[in-house]
Amino acid sequence: MANLAIDSIKERTFDAIVIGSGASGSWAAKEFTEKGLKTLLLERGRNVEHVKDYPTTNMYPYEFEHRLEMPYADKQKNPIANRCYAYGEDSQHFFVKDDEHPYIQVKDFDWIRGYQVGGKSLIWARQVQRWSDFDFEGPARDGFSVDWPIRYKDLAPWYSYVERFIGVSGNNDGIPELPDGEHLPAFPLNAVEDHFSKSVSQHYKNRHVISARCAHLSKPNPIHIEQGRVQCQNRVLCRRGCPFGGYYSANAVTIPWAQKTGNLTLRPHSVVHSIIYDEAKGKATGVKVIDAQTKEEMEFFAQVIFVNASALNTNLILLNSISNRFPQGLGNDHGLLGKYVAFHNYTATIGAEYDGLKQYRTDGRNPAGGGYIPRFRNVYKQETDFLRGWAAGFGANRSDVRDTSGIGNALKDGLLHAKLGPWRVHSHMMAETIPKEENFVSLDAEQKDAWGIPLLRISIDYDENDRKMRQDYYEQMTEMFEKAGFTNIHTRDDNRRPGNDIHEMGGARMGHDPKTSLLNKWNQLHLCTNVYVTDGACMTSTSTQNPTLTYMAMTARAADHALSELKRNNL
Amino acid sequence: MNRRAAVRTLLYIAGGTLVLPACFRESGKASIDLTNLSISEDDEQLLAELTETLIPATDTPGGKELLLHLFVLKMVDDCHKPEEQEQFIKGLSAFSTWSSHELGKRFAEADADSRTGLLDKVDENPDEALKKFFSITKRRSIQGYMNSQYVMTNLVKYELVPGRYNGYAPA
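In order, the protein sequences belong to chains A and B.
Here the first sequence is numbered in the numbering used here, starting from 65 and rising by one per residue.
Here the second sequence is numbered in the numbering used here, starting from 646 and rising by one per residue.
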């Protein structure tokens, strides 16, 4: 019996455990397995194998029972998922259904989740921009949150490292606040996007409209071919999973890469209950897992643990990792864990029409979605009555207009013989929010989920700064649109609830000082250094960039640190 | 359309379980399984004639051949709110009575011109349910038509894999 127990423990012991198989977790797994570490990658959802498990990927619209529309019953049953722009008949199998995984909304919050191998990297918007020191120095300069313990130079080589591997299309635009990168050719702007870009450059000193940078293979390099991927085919059906591997997902890229090393153990259906802390050793020894299907409880062990469960779930796991030493959650002596959560404010959009450049239209589809306007507000100095600023997406399109007014032959004619409509332009705001103590998550004292894990309470809201920024977006964009000759300009508050931006960040922020932060400059818990957090939970502030690239770069950097610390027997 | 394509279209459009083609039925019920709507065989036939009037067969198929009426039923049954479903059923019945009265015969028996002429007058009808029924039917017929396999592969082609993007294509 004793031997059996020892064997069993041996089988459940790895060099490294990674919790969560999305973009950041799969990057940790790739780094560890490549360097020879036996790695256990835990995922609470089912397995999704590249191509094989993309059931809708090659379906035509008429092959969908409701032509991609979600039925009324599903909208009633899953209002949160249905409010996500990417949730539809072709992609709903990659989203968490509301009633399967409840949480408590102390304030309205749309928590959009993807519980499966690959996580949300299957359904993400694929926009990737680097941070600059204008972002990292933000909290220190403007007096909020705490100072980031890293600067751009710490992350720059890791941005390059990640970009080269995943493939990022974009130009090097020479904009200090949006550093250049290792880019594949950009998807160019179209006629009206170019027109707007030129107009903005003409009228403003520090404002730019550039080709959106996205994690698509516009022109694959040998490394991407080696990954089994080919050039993006401009389908823009990405949320179904891409059979070409045209965009970066964990399923297409980092997980198969890790598997090829022979060092990866991928365990789906593994709900992490908590991290096990050994008081005598003064470090974490493993994780407690509940099998999602059998509800069996089991333990796995490793020298180093990466927590990449997605921002709020990472907070949940740490809060639920209770021991004598850490009665409030792992590394949480000061009670800051779960606090200072922030997100992006995507509530504002603006649209208009353009009467010129009628000799052009677009042909095919642009996976980048068009243009990107880097943050220009309060970059070089504080110039408004709100803190920080916003970036924006910008796109122009000209679509077919079909006359549906008739009946009979007239209707049929109208439908089959389209006319080219006017150019329409559209932009959406992506604003920074300020992390605050009162925006927090915590564990419910009584209610538990089907696996015996406390439900997460979420209490997060917009504030006055967010509203002022939205007003500024309307004013500035309207002015920029007017200068470009756009007409019929209309602004819109889409009233989306916090969380619907799907960029929740913070709760276990990085910082210099263990008294005011959870993680050090290497993403280690100050008080339990063999536990690293490199997903959204680590974010000290949010800035305006789409965050996933930064998580991946931070993960690769932290994994490199963990590897060298392991070598020195420091963990 | 060859038979296989026709059967596939039928399945795509009907979505749910196909019970039996109309000609074999004796139940007097609709030919597809519906969860929320109660539709008789007569209702279904009227709807078929209506979609055919909206989008008639020419040298290319029309509403009936593309089974747009079944698509309309499927969508109303699955994707509309209960209040709209109620109005749809009420409006369908009102349309049946009104059209017979106006045309002096059943809608299905009237010639195409009279039917088209009648549909042009729907807007003037004071019955809100009838108007709602008609606007839902028209909208869903258009959707079903434009998203039918026939139209998407023959007339307004849908590209699954464009493989290109040109932002300066000639208009």
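For the record, the hints were derived by calculation from the structure and aren't laboratory data.
Any given hint could be a false lead.
Below, in silico cross-link-like pairs of lysine-lysine (DSBU-like), each with a Cα-Cα straight-line distance of 35 Å or less [what the hints assert, rightly or not]:
id : chain 1 : residue 1 : chain 2 : residue 2
1  : A       : 139       : B       : 783
2  : B       : 783       : A       : 422
3  : A       : 116       : B       : 777
4  : B       : 750       : A       : 139
5  : A       : 483       : B       : 674
6  : A       : 483       : B       : 783
7  : A       : 283       : B       : 709
8  : B       : 776       : A       : 141
9  : B       : 709       : A       : 141
10 : A       : 171       : B       : 766
11 : B       : 802       : A       : 139
12 : A       : 512       : B       : 726
13 : B       : 777       : A       : 139
14 : A       : 141       : B       : 674
15 : A       : 483       : B       : 802
16 : B       : 783       : B       : 735
17 : B       : 777       : A       : 483
18 : B       : 802       : A       : 422
19 : A       : 161       : B       : 766
20 : A       : 141       : B       : 783
21 : B       : 783       : A       : 631
22 : B       : 802       : A       : 102
23 : B       : 777       : A       : 217
24 : B       : 674       : A       : 139
25 : A       : 483       : B       : 766
26 : B       : 709       : A       : 483
27 : A       : 141       : B       : 726
28 : A       : 141       : B       : 750
29 : A       : 483       : B       : 726
Just so you know, these numbers come straight off a predicted model, no measurement behind them.
Q: Give me the numbers of the hints this structure contradicts, sorted from smallest to largest.
A: 3, 4, 5, 7, 10, 19, 21, 22, 23, 28
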